[in-house]
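Taken in order, the sequence shown gives residues 2 to 446; the numbers are from this note's numbering.
Take these hints with a grain of salt, some might be off.
[Said to hold, decoys possible] Pair by pair, the computed Cβ-Cβ distance ranges are: (1) 227 with 62: 13 to 23 angstroms; (2) 342 with 20: 18 to 28 angstroms; (3) 254 with 369: 23 to 33 angstroms.
[To be verified] Below, in silico cross-link-like pairs of lysine to aspartate or glutamate (DMTMM-like), each with a Cα-Cα straight-line distance of 20 angstroms or less: (4) 178 with 273; (5) 194 with 442; (6) 178 with 428; (7) 178 with 404; (8) 194 with 101; (9) 194 with 133; (10) 178 with 433; (11) 197 with 273; (12) 197 with 428; (13) 197 with 133; (14) 197 with 207; (15) 197 with 442; (16) 194 with 30.
To be clear, the hints were calculated from the coordinates, so they are not data collected in a lab. Idealized CB from N, CA, C, for every residue including glycine.
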Amino acid sequence: MLLENALAHYYPQVQDALRTLSGSAASSEFTPGVELPEPTPAMREYLSASDLGHTPMGRYRGRNLALLDLTRNPGTMTTKTFASLVIVARAVGYIQRTGERVTIITPSSANKAVAMRDAVLRAIGAGLVTPDQLNVAVVVPAGSVHKIRASELLTDPYLRARNPIAVYRGDVPGTVKTIARTMVDTHREALEKSAKTNLWYTLQLENYLAADVVRALAEEEFFPPAATVPRLHVHAVSSAYGLLGHAYGRERFGGTGLPSRYFLVQHLGAPDMVVSLYHDGDFDSRHLPDYSYQPESGRYVQQEDPHFPAVTFDPRETLDPTFYTRTPVTSARMNALIHGQGGGGVVVSLAECLERYGQTRALLGEAGVPVPANPTALREWSLVMAVTGILNAIDRDLVPEDDILVHGSGCYATGDFDEVTLRDMHEVDTDDDSLRNVVLDAAAL
2 MLLENALAHY
12 YPQVQDALRT
22 LSGSAASSEF
32 TPGVELPEPT
42 PAMREYLSAS
52 DLGHTPMGRY
62 RGRNLALLDL
72 TRNPGTMTTK
82 TFASLVIVAR
92 AVGYIQRTGE
102 RVTIITPSSA
112 NKAVAMRDAV
122 LRAIGAGLVT
132 PDQLNVAVVV
142 PAGSVHKIRA
152 SELLTDPYLR
162 ARNPIAVYRG
172 DVPGTVKTIA
182 RTMVDTHREA
192 LEKSAKTNLW
202 YTLQLENYLA
212 ADVVRALAEE
222 EFFPPAATVP
232 RLHVHAVSSA
242 YGLLGHAYGR
252 ERFGGTGLPS
262 RYFLVQHLGA
272 PDMVVSLYHD
282 GDFDSRHLPD
292 YSYQPESGRY
302 VQQEDPHFPA
312 VTFDPRETLD
322 PTFYTRTPVT
332 SARMNALIHG
342 QGGGGVVVSL
352 AECLERYGQT
362 RALLGEAGVP
372 VPANPTALRE
382 WSLVMAVTGI
392 LNAIDRDLVP
402 EDDILVHGSG
412 CYATGDFDEV
422 TLRDMHEVDT
432 DDDSLRNVVL
442 DAAAL
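Turn these sequences into a full structure, and let the hints guide you.
Below, the structure is given as structure tokens:
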């Protein structure tokens, strides 16, 4: 099943969700409101990157596996397309209503930055706004530079100047959120006055929930679960925005069958949601299992906790820098959903992903998702992580469900896009006004 232009298909419901979720931002902070532009042909063209697909992946040990493919936009190849298109559409609506300019500020591990830049470029290309009315400044950690895509926002001199990419070289990737938040809190009023623009810091949960209701709406319309068979939704997560959006969609618009069950997959570099899930909301690293080094294999092993990797090259490895959020504020909501409706979670390692790589590649191939034969070419591991995690969980008897839907949140490789280098970015730090200067230079044009 392929649903073209899902956001246009469910435009009234997305608008309804935005209105229902409004009012979460601080009163002193700029937001463009929640009203979307009229669904004109130009707007539909802008939203046309929001295709989604549902495809069987085959069976594994008696379970039916299927894929919800949210990666079909070639400009991003991740699920971040959906929320970014809605966020930018809200800015477009504000600009069209008021004539005022908007500057979006977005910290990101990588994929959201790519998607926001893609959405801004699409809005300009569709003629919804002009380049001097809307721009975006993103802040990413240096460890994610290999994920950032070149586009006309980089190759066109004016668009490049208006839409800068800032990079932070510090040891803690999540610091990009602090840098962006502090800059907006400290300099927003002065920047808005000087550059004659409105600064919008978009990192609020409700900005993402509204877009992700399309997952639940598409499920209900095209591939609903059986009335008496529970469905398990599997997702590689950092903060689980996508699953929370699906849950909100079912809550707001209804859904047949039993309550949805949710299964989280994380990596050792950021396992906090899984840790919290099984330890009463506590994120403390003391809950992590102890690993023993095996000199003969050069690997670390453990058998005390089936929710964590049995084997890893490094107990502190970062499998994919996409997943960088520690102690996410969404964890309590997700814990309540899973404890109330069912589900669970596991953490996977690079060693486990490589061990199952051929098997995962074959399953995803059945669903029409190309995965490179050489794993060193993979740049986005989230979908491979999700499949590896659910296969491990089935083998460890952690999953009783027979109906399993994997949410495909991202999969791309070397050769799928033109990369950006550090030379194309503006270095920023925590103890100076570097990001302020980057944003001012871009917004003042």
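Cross-check of the supplied hints:
Our hint of 13 to 23 angstroms for residue 227 and residue 62 holds, since their Cβ atoms are close to 19 angstroms apart. In this structure, residue 342 and residue 20 meet the distance hint of 18 to 28 angstroms, their C-beta atoms being roughly 26 angstroms apart. Between residue 254 and residue 369, the C-beta spacing of about 28 angstroms keeps the proposed range 23 to 33 angstroms intact. For a cut-off of 20 angstroms, the pair hint linking residue 178 to residue 273 stands: about 17 angstroms separates their Cα positions.
Taken as a hint, the residue 194 and residue 442 pair is honoured in the structure, with Cα atoms around 13 angstroms apart against an allowance of 20 angstroms. Proximity of residue 178 to residue 428 is assessed by CA-CA distance (about 15 angstroms); at most 20 angstroms being required, the pair is judged to hold. With a C-alpha separation of about 37 angstroms, the suggested pair residue 178 and residue 404 falls outside the 20 angstroms cut-off, and the hint is violated. A hinted pair counts as satisfied when its Cα atoms are at most 20 angstroms apart, and residue 194 with residue 101 qualifies at roughly 12 angstroms.
Note on residue 194 and residue 133: the hinted pairing holds, with a Cα-Cα distance of about 16 angstroms set against a maximum of 20 angstroms. Distance restraint check for residue 178 and residue 433: the Cα-Cα separation of roughly 15 angstroms lies within the 20 angstroms cut-off, and the hinted pair is therefore satisfied. With a CA separation close to 41 angstroms, the supplied pair residue 197 and residue 273 exceeds the 20 angstroms bound. At most 20 angstroms may separate the alpha-carbon atoms for a hinted pair to count; residue 197 and residue 428 exceed this at roughly 24 angstroms.
Restraint check: the Cα-Cα separation between residue 197 and residue 133 comes to about 11 angstroms, which is no more than 20 angstroms; the hinted pair holds. Between residue 197 and residue 207, the direct Cα distance comes to roughly 27 angstroms. Violation of the 20 angstroms bound is thereby established for this hinted pair. For the proposed pair residue 197 and residue 442, the alpha carbon gap of about 12 angstroms is at most 20 angstroms, so the pair holds. Between residue 194 and residue 30 the alpha-carbon distance is near 14 angstroms, which keeps this suggested pair within the 20 angstroms criterion.
Of the numbered hints stated above, those contradicted by the structure are hints 7, 11, 12 and 14, listed in ascending order.
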